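The residues making up each chain are set out below.
There are 2 protein chains.
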Amino acid sequence: MKPTKKTKVKRLPIRGFYDKETVYKILDANFICQIGFIHEGFPVVIPTIFGRKGDELYIHGASVSRMLTDLAKGISLSLNVTQTNGIVLARSAFNSTLNYESVVVFGQAELIVDENEKVAALETITNQIIPNRWQEVRLPNAKELKVTSVLKIKIDEASAKIRTGAPHDDIADCDLPIWAGVIPIEKHYGKPIADPVLKVGIPLPKSVKCLIK
Amino acid sequence: MKPTKKTKVKRLPIRGFYDKETVYKILDANFICQIGFIHEGFPVVIPTIFGRKGDELYIHGASVSRMLTDLAKGISLSLNVTQTNGIVLARSAFNSTLNYESVVVFGQAELIVDENEKVAALETITNQIIPNRWQEVRLPNAKELKVTSVLKIKIDEASAKIRTGAPHDDIADCDLPIWAGVIPIEKHYGKPIADPVLKVGIPLPKSVKCLIK
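Protein chains in written order, with the working numbering: chain R, 1 to 213; chain B, 1 to 213.
Derived from the structure by calculation, the hints contain no laboratory data. Mixed in with the good hints there might be a few duds.
As the list claims (entries may be wrong) - Simulated crosslink set (DSBU-like; lysine-lysine; CA at most 30 Å straight-line):
1. B/Lys191 x R/Lys191
2. R/Lys191 x B/Lys25
3. R/Lys53 x R/Lys10
4. B/Lys209 x R/Lys191
5. B/Lys187 x R/Lys209
6. R/Lys10 x B/Lys73
7. B/Lys187 x B/Lys20
8. B/Lys53 x B/Lys5
9. R/Lys146 x B/Lys6
10. B/Lys143 x R/Lys8
11. B/Lys146 x B/Lys53
12. R/Lys213 x R/Lys187
13. R/Lys73 x R/Lys2
14. B/Lys73 x R/Lys5
15. B/Lys187 x R/Lys187
16. B/Lys73 x R/Lys6
17. B/Lys8 x R/Lys143
18. B/Lys6 x R/Lys154
19. B/Lys213 x R/Lys191
20. R/Lys187 x B/Lys213
21. R/Lys187 x B/Lys191
22. B/Lys53 x B/Lys154
23. B/Lys146 x R/Lys10
24. R/Lys187 x B/Lys209
25. R/Lys213 x B/Lys209
26. B/Lys187 x B/Lys25
27. B/Lys146 x R/Lys5
28. B/Lys187 x R/Lys213
29. B/Lys191 x R/Lys209
30. R/Lys25 x B/Lys191
31. B/Lys25 x B/Lys191
32. R/Lys146 x B/Lys5
33. B/Lys8 x R/Lys146
34. B/Lys10 x R/Lys143
35. B/Lys154 x R/Lys10
36. R/Lys25 x R/Lys10
37. B/Lys10 x R/Lys73
38. R/Lys191 x B/Lys187
39. B/Lys6 x R/Lys73
Bear in mind that the values here come from a model prediction, so they are computed numbers and not experimental data.
Bound conformation, chain R alone (with noise of 0.2 Å):
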């Protein structure tokens, strides 16, 4: 992709990305995304859960939900993903940051009307959560499909921004006896906790083994 002026990352160009690999990347670690809209003059941020496939995301909710509704008409939309992966601690406050990778999305959502192509997108968003947890469950009825309102986002203008490693203090602060390094920040999943009234005799599914393994 190419930088845009939208995209073009200004602050640290350094830190800036802007090929496919990169930032499907980090895309695909998350399924957490904050998107900002305008609604009635006004800017709105929301979290969401997403799903990527190809040069698409795809979100989903109730379909009389607000932000899907004014996203459906075809709006401006930003969509952010960010991942923090450590505190970096300088010797300086000044030279203090985080360790991240982060997206940023430009464009616009269209609602999903073809039916398979909203499952297809349902099953994406699902397993970008579990991988394969789609063939596990019960499947949307036609009930569950009308309320929902799923939508595409065509990943055209899009950066990442990635910082990682050490701290970068100025030469004079190396000499100072203060503590300079990083602190990683981990995701772990816990034991996973059975429904209270899960039948005796069902086993954790490949899904969930897969994950926490």
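Go by the hints and put chain B onto chain R.
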């Protein structure tokens, strides 16, 4: 805080909270927010570090940053903080969801001009990430303060949305031989990685020891 037209949780209103205690608890457990604003007619969402003290949020960045320059004009903004606590696996795709805590704030930012107030706000931001780190670092000098803008956002229009607990399947689905439950999502701090150029004999500081304990 009173729910306003903007902050009232419309979808699943049972998940909506408007009391300061709930809203501030979520804000205080996090340090990344997504800020939405309108730039040249388009919505933009940018992640940034924040700190909270009293009824104010603080954000900072390079004085020349587009976001800070725009926001310093007092334009409307929306801000979201989201923490995901678990994957909720229902027997049906339709009832599968996440456990999360999320806050949305609407308001305007104001540039902090007073130098003491600015330094105090930077202290709040630094300590939001690691409590008491400010007491250990080399504090900002005049030159660093000059190239940094700090903005304050009064929290007077805000709401929280929270989901906790087990999946809620349709009664008919509960007989299906499908596993249901919650996979907790846990954030951990990893082993601190000292700066490769850290002088020998500087121990881990108190702030880090408390954080990773």
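Tested hints:
1. B/Lys191 x R/Lys191: Answer holds: B/Lys191 to R/Lys191 is near 22 Å, not above 30 Å.
2. R/Lys191 x B/Lys25: holds, 25 Å
3. R/Lys53 x R/Lys10: Roughly 28 Å separates the two Cα atoms, so the pair holds.
4. B/Lys209 x R/Lys191: holds, 26 Å
5. B/Lys187 x R/Lys209: holds, 19 Å
6. R/Lys10 x B/Lys73: holds, 20 Å
7. B/Lys187 x B/Lys20: Distance of about 24 Å is within 30 Å: holds.
8. B/Lys53 x B/Lys5: holds, 26 Å
9. R/Lys146 x B/Lys6: holds, 27 Å
10. B/Lys143 x R/Lys8: holds, 27 Å
11. B/Lys146 x B/Lys53: The hint holds at about 23 Å.
12. R/Lys213 x R/Lys187: Within the cut-off at roughly 13 Å; holds.
13. R/Lys73 x R/Lys2: holds, 26 Å
14. B/Lys73 x R/Lys5: With a Cα-Cα distance of about 21 Å, the restraint between B/Lys73 and R/Lys5 holds, given a limit of 30 Å.
15. B/Lys187 x R/Lys187: holds, 5 Å
16. B/Lys73 x R/Lys6: holds, 20 Å
17. B/Lys8 x R/Lys143: Distance ~27 Å between B/Lys8 and R/Lys143 Cα, so the pair holds.
18. B/Lys6 x R/Lys154: Holds, at roughly 28 Å.
19. B/Lys213 x R/Lys191: With Cα atoms ~21 Å apart, B/Lys213 and R/Lys191 stay inside 30 Å; holds.
20. R/Lys187 x B/Lys213: holds, 17 Å
21. R/Lys187 x B/Lys191: Holds: R/Lys187 and B/Lys191 sit about 14 Å apart, inside 30 Å.
22. B/Lys53 x B/Lys154: Given pair B/Lys53, B/Lys154 holds - Cα atoms ~10 Å apart, limit 30 Å.
23. B/Lys146 x R/Lys10: Holds, at roughly 19 Å.
24. R/Lys187 x B/Lys209: Holds, at about 19 Å.
25. R/Lys213 x B/Lys209: The given pair, whose Cα atoms are some 29 Å apart, holds under the 30 Å limit.
26. B/Lys187 x B/Lys25: Roughly 17 Å separates the two Cα atoms, so the pair holds.
27. B/Lys146 x R/Lys5: holds, 27 Å
28. B/Lys187 x R/Lys213: holds, 17 Å
29. B/Lys191 x R/Lys209: holds, 26 Å
30. R/Lys25 x B/Lys191: The given pair, whose Cα atoms are some 25 Å apart, holds under the 30 Å limit.
31. B/Lys25 x B/Lys191: holds, 26 Å
32. R/Lys146 x B/Lys5: OK: R/Lys146 and B/Lys5 at ~27 Å, within 30 Å.
33. B/Lys8 x R/Lys146: Between B/Lys8 and R/Lys146 the Cα gap is close to 25 Å, so the pair holds against 30 Å.
34. B/Lys10 x R/Lys143: Given pair B/Lys10, R/Lys143 holds - Cα atoms ~21 Å apart, limit 30 Å.
35. B/Lys154 x R/Lys10: Between B/Lys154 and R/Lys10 the Cα gap is close to 28 Å, so the pair holds against 30 Å.
36. R/Lys25 x R/Lys10: Judged against 30 Å, a Cα distance of about 22 Å means the pair holds.
37. B/Lys10 x R/Lys73: It holds: about 19 Å lies between the C-alpha atoms, which stays within 30 Å.
38. R/Lys191 x B/Lys187: holds, 14 Å
39. B/Lys6 x R/Lys73: Distance of about 20 Å is within 30 Å: holds.
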